[in-house]
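Peer 1: Sequence:
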Amino acid sequence: MRTAKLRRKLHADRCVVNCVAPHPTLPIMASSGIDSEVKLWGIGEDVCKENANATKDNGSEDRSWHQRMAENAPNITAAKAKENLECAEKLKQEGNTKVKSKQWAAAVSKYQEAVKELHWIAPTMAVQGEQDAVRKACWLNEAHCCLQLGLYREAKELCTKVMDIDPK
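Everything in the sequence shown is counted per the numbering used here, starting at 237 for the first residue and increasing by one.
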């Protein structure tokens, strides 16, 4: 019998877990505590992907950008998340200013800086929604710049990242 690998080990805080339940068919667990949120935890993705033979052409695992990025992302407080979101939004606006003056490469740099500011695990689902919205806007704006620079492969990869977190 195969089991899932430990994804992250954290020091306990004052949170209380009231319930833990597995999904009947997907490799996720749900936990709830004293707050109003139910948290979903990915487990056993590797096992399920092996069973489904989900591999890329080069044989490596086909994992979304969102999953890969979360592997080494730090946990942060709501206050720090707000601070980082504001910083990312400011960098995105600076990128937009560069786009207006057709400074494509400088704009790309600003959008990439903004996305780096968003590399953390959101403390709540609401914050994750804000984080994803800013990240998607930066990627789409960066893709536009890449098209202007003739970097078509990079533009496609950025659009794929957006589709990974929001297929709509």
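You may find that some hints are simply not true.
What the hints assert, rightly or not - Taking lysine to any residue and the SDA-like style, the derived pairs with C-alpha atoms no more than 25 Å apart in a straight line are:
| no. | residue 1 | residue 2 |
| --- | --- | --- |
| 1 | Lys318 | Ile401 |
| 2 | Lys318 | Gly365 |
| 3 | Lys316 | Gln329 |
| 4 | Lys275 | Pro263 |
| 5 | Lys316 | Lys372 |
| 6 | Lys316 | Ile357 |
| 7 | Lys318 | Ala257 |
| 8 | Lys338 | Val351 |
| 9 | Lys316 | Gln348 |
| 10 | Lys336 | Asp400 |
| 11 | Lys275 | Ala315 |
| 12 | Lys336 | Ile312 |
| 13 | Lys404 | Lys316 |
| 14 | Lys275 | Lys338 |
| 15 | Lys318 | Thr360 |
| 16 | Lys372 | Ile312 |
Keep in mind the hints are simulated off the structure, nothing from the lab.
Peer 1: Decide, hint by hint, whether the structure agrees.
Peer 2: Cross-check of the supplied hints:
The suggested pairing of Lys318 with Ile401 holds, with an alpha-carbon distance near 20 Å, which does not exceed 25 Å. A threshold of 25 Å between alpha carbons decides the hint, and for Lys318 with Gly365 the separation of about 12 Å falls inside it, so the pair holds. Between Lys316 and Gln329, the direct Cα distance comes to roughly 20 Å. Compliance with the 25 Å bound is thereby established for this hinted pair. Restraint check for Lys275 and Pro263: satisfied, since their Cα atoms lie roughly 14 Å apart, inside the 25 Å limit.
Taking the CA atoms of Lys316 and Lys372, the gap is near 20 Å; set against the 25 Å cutoff, the hint holds. For the hint linking Lys316 to Ile357, the alpha-carbon distance of about 11 Å falls within 25 Å, and the restraint holds. Proposed proximity of Lys318 and Ala257 is contradicted: the alpha carbons are some 30 Å apart, above 25 Å. Taking the CA atoms of Lys338 and Val351, the gap is near 21 Å; set against the 25 Å cutoff, the hint holds.
For the given pair, Lys316 sits about 19 Å from Gln348 by alpha-carbon distance, which is consistent with the 25 Å threshold. This hinted pair does not check out: Lys336 and Asp400 have alpha carbons roughly 28 Å apart, beyond 25 Å. Distance hint between Lys275 and Ala315 is fulfilled; the C-alpha atoms sit about 20 Å from each other, no more than 25 Å. At roughly 34 Å between alpha-carbon atoms, Lys336 and Ile312 are farther apart than 25 Å, so this suggested pair is violated.
Straight-line distance between C-alpha atoms of Lys404 and Lys316 comes to about 29 Å, which puts the hinted pair past the 25 Å bound. With a C-alpha separation of about 43 Å, the suggested pair Lys275 and Lys338 falls outside the 25 Å cut-off, and the hint is violated. Between Lys318 and Thr360, the direct Cα distance comes to roughly 11 Å. Compliance with the 25 Å bound is thereby established for this hinted pair. With a CA separation close to 20 Å, the supplied pair Lys372 and Ile312 stays within the 25 Å bound.
In summary, the numbered hints that this structure violates are 7, 10, 12, 13 and 14.
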